[in-house]
Amino acid sequence: MNLKVDICGKTLKNPVIAASGCFGFGREMSIQYDLNTLGGIALKAVTAQKRIGNPPPRIAETPSGMLNAVGLQNSGVDQFIVKEMPFLDKLDTILFANVAGSTIEEYIEVTEKLQNIAVDFIELNISCPNVKEGGNAFGAEPDTIYKVVKQVKKVSKQPLIVKLSPNTVDIAANAVAAQEAGADGISLINTLIGMSVDVDRKRPILANISGGLSGPAIKPVALSMVYKVAQAVSIPIIGMGGIMTGRDAVEFLLCGATAVMCGTLNLIEPDGIPNVIAGIEEYMTQHKIDDINELIGGLIV
Amino acid sequence: MAKRIPNCRITSNELVADDTYLMQFECVTKNATPGQFVHLRVTGRDDLILRRPISINSIDTKNNIIKLIIQAKGEGTKALCVLKAGDVMDIISPTGRGYMLSKKVKKAAVIGGGIGVAPLKYLIEYYKNVEFDSYLGFRSDCYAYQLDEFKALSNKLYVCTDDGTYGEKGFVTNRLDMNLEKEQYDVVLACGPKPMLGSLKKVIDKHKVPCFVSLEERMGCGIGLCKVCVCKTQEDGEENYERVCLDGPVFDINKVVL
Numbered sequence: 001m002n003l004k005v006d007i008c009g010k011t012l013k014n015p016v017i018a019a020s021g022c023f024g025f026g027r028e029m030s031i032q033y034d035l036n037t038l039g040g041i042a043l044k045a046v047t048a049q050k051r052i053g054n055p056p057p058r059i060a061e062t063p064s065g066m067l068n069a070v071g072l073q074n075s076g077v078d079q080f081i082v083k084e085m086p087f088l089d090k091l092d093t094i095l096f097a098n099v100a101g102s103t104i105e106e107y108i109e110v111t112e113k114l115q116n117i118a119v120d121f122i123e124l125n126i127s128c129p130n131v132k133e134g135g136n137a138f139g140a141e142p143d144t145i146y147k148v149v150k151q152v153k154k155v156s157k158q159p160l161i162v163k164l165s166p167n168t169v170d171i172a173a174n175a176v177a178a179q180e181a182g183a184d185g186i187s188l189i190n191t192l193i194g195m196s197v198d199v200d201r202k203r204p205i206l207a208n209i210s211g212g213l214s215g216p217a218i219k220p221v222a223l224s225m226v227y228k229v230a231q232a233v234s235i236p237i238i239g240m241g242g243i244m245t246g247r248d249a250v251e252f253l254l255c256g257a258t259a260v261m262c263g264t265l266n267l268i269e270p271d272g273i274p275n276v277i278a279g280i281e282e283y284m285t286q287h288k289i290d291d292i293n294e295l296i297g298g299l300i301v
Numbered sequence: 001m002a003k004r005i006p007n008c009r010i011t012s013n014e015l016v017a018d019d020t021y022l023m024q025f026e027c028v029t030k031n032a033t034p035g036q037f038v039h040l041r042v043t044g045r046d047d048l049i050l051r052r053p054i055s056i057n058s059i060d061t062k063n064n065i066i067k068l069i070i071q072a073k074g075e076g077t078k079a080l081c082v083l084k085a086g087d088v089m090d091i092i093s094p095t096g097r098g099y100m101l102s103k104k105v106k107k108a109a110v111i112g113g114g115i116g117v118a119p120l121k122y123l124i125e126y127y128k129n130v131e132f133d134s135y136l137g138f139r140s141d142c143y144a145y146q147l148d149e150f151k152a153l154s155n156k157l158y159v160c161t162d163d164g165t166y167g168e169k170g171f172v173t174n175r176l177d178m179n180l181e182k183e184q185y186d187v188v189l190a191c192g193p194k195p196m197l198g199s200l201k202k203v204i205d206k207h208k209v210p211c212f213v214s215l216e217e218r219m220g221c222g223i224g225l226c227k228v229c230v231c232k233t234q235e236d237g238e239e240n241y242e243r244v245c246l247d248g249p250v251f252d253i254n255k256v257v258l
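Residue numbers (the numbering used here), protein chains in the order written: chain S, 1 to 301; chain R, 1 to 258.
Just chain S, with the same shape it has in the complex (with noise of 0.2 Å):
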């Protein structure tokens, strides 16, 4: 049985990948399971400078889902590579570097330096929902996504994957204007904009007040999504949004997606995406189905 799936010339060992945010640097998770049965890892966010973040709470749930809005607390890009590439050099799967900026000068000066570091993507972050400048300011139209993806296009040797947000008016559209900007791939959804409000308190629950809803919640949205910027690009697309089995994962394979992300899923269960990869693999015993590049975009219409 063949799980190998290729993105932009790189081999992964199976489609699914650790979703930015939800994982850490891996470390932790490194604990629980070998980090090499993955097929990637999307790292955490990584800005210029050091972010501390928003205050708590940060997080609340929400029916078959949850808010979060940790505000891309991070000790900045410098001290990423000093103290996270040691550990992460020693993994044998794809390396995703997830760059987030305020502004395009700030996303350049990350992605350069990542440059001489060996993670296998960058992935550009146009659609963080719980920043206030940058982040989904840039994700949400055409124009801006075109101008940025081409100025960190240029500066960037590793292939570059942009992920898009789905708190726009037509996402197809702006998966177009990455791939003209020359993204060599695309990942979606990043979170829902949401809110929750105690009402015995009337209060919100985030100190932010709204922030991304993200878990089996957003599923269906995630994959409509996924399906319509499938039919509109010939780059490769990563998809995500709740998967929590491995038939979620192919369900996201069928309408289009060479390899999905799983979030919100770590934050549930530590073992969760090796049960995904097996889950996959049941799916195809059950359909006889020898090699998964034949699930993508499978799906009989």
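Among these hints, one or two may not hold up.
[Unchecked claim] Calculated lysine to aspartate or glutamate pairs in the EDC-like style (CA-CA distance at most 20 Å, straight line):
| # | chain 1 | residue 1 | chain 2 | residue 2 |
| --- | --- | --- | --- | --- |
| 1 | R | K194 | S | E84 |
| 2 | S | K90 | S | D78 |
| 3 | R | K73 | S | D198 |
Hints in this document: simulated from the structure, not taken from any laboratory. Bear in mind the structure is a predicted one, so any value in this text is a computation, not a measurement.
For this one, chain S is given, so just place chain R on it according to the hints.
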């Protein structure tokens, strides 16, 4: 080390005070330290996707039983409190950094408020060679639990209620403040609501005693991945947010901004 154990069988779940349950379940936990917690899925409620962090109240190592005190407060804890003997829970255990006492500690005070009293029992049971005075605060008589056990385990027991229905009327931090005029403790160990810990900080500043507090925050993974359950810390003039689940829940009171 925190590991997922998907099939822990509940052996009993009984009301011990208003809205407060003592849940016991089977689980082999050899090395859990006091102040650590277990992270529970809410059995039968897949729509409540997040786990609930509940501190360890006691461990029966001979029979492999973990005991928790759960307050039926939100939707998840209410659902946990109606589980019955024979029901199964999916847990991650043990998680977090607990109270770690040096061998030099001979006499200590534990101070807890409300549901925060629960982990202090395991703390006293665990450090058998330390003499403990217990300071326990509850809103009212009807919310007090395990007082007989604390009485048996403690050198001295002080109980305060907000409304004076049991023990002394007032805040337990005031009782500790007064006692620290004459009592010497090597360390004070606390768990309770934020306002109580804020008052405690003033008491500790005044009497200059080492003090460690266990914090609570809305939590995600429980194993340090997601950075949502943070508390503000201050060290050498630098402010940071640290993870309650992995860097804590127990912190030096002088390090955290309360």
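Right, here's what the structure says about each hint:
{"no.": "1", "hint": "R:K194 <-> S:E84", "in the structure": "violated, 34 Å"}
{"no.": "2", "hint": "S:K90 <-> S:D78", "in the structure": "holds, 19 Å"}
{"no.": "3", "hint": "R:K73 <-> S:D198", "in the structure": "holds, 13 Å"}
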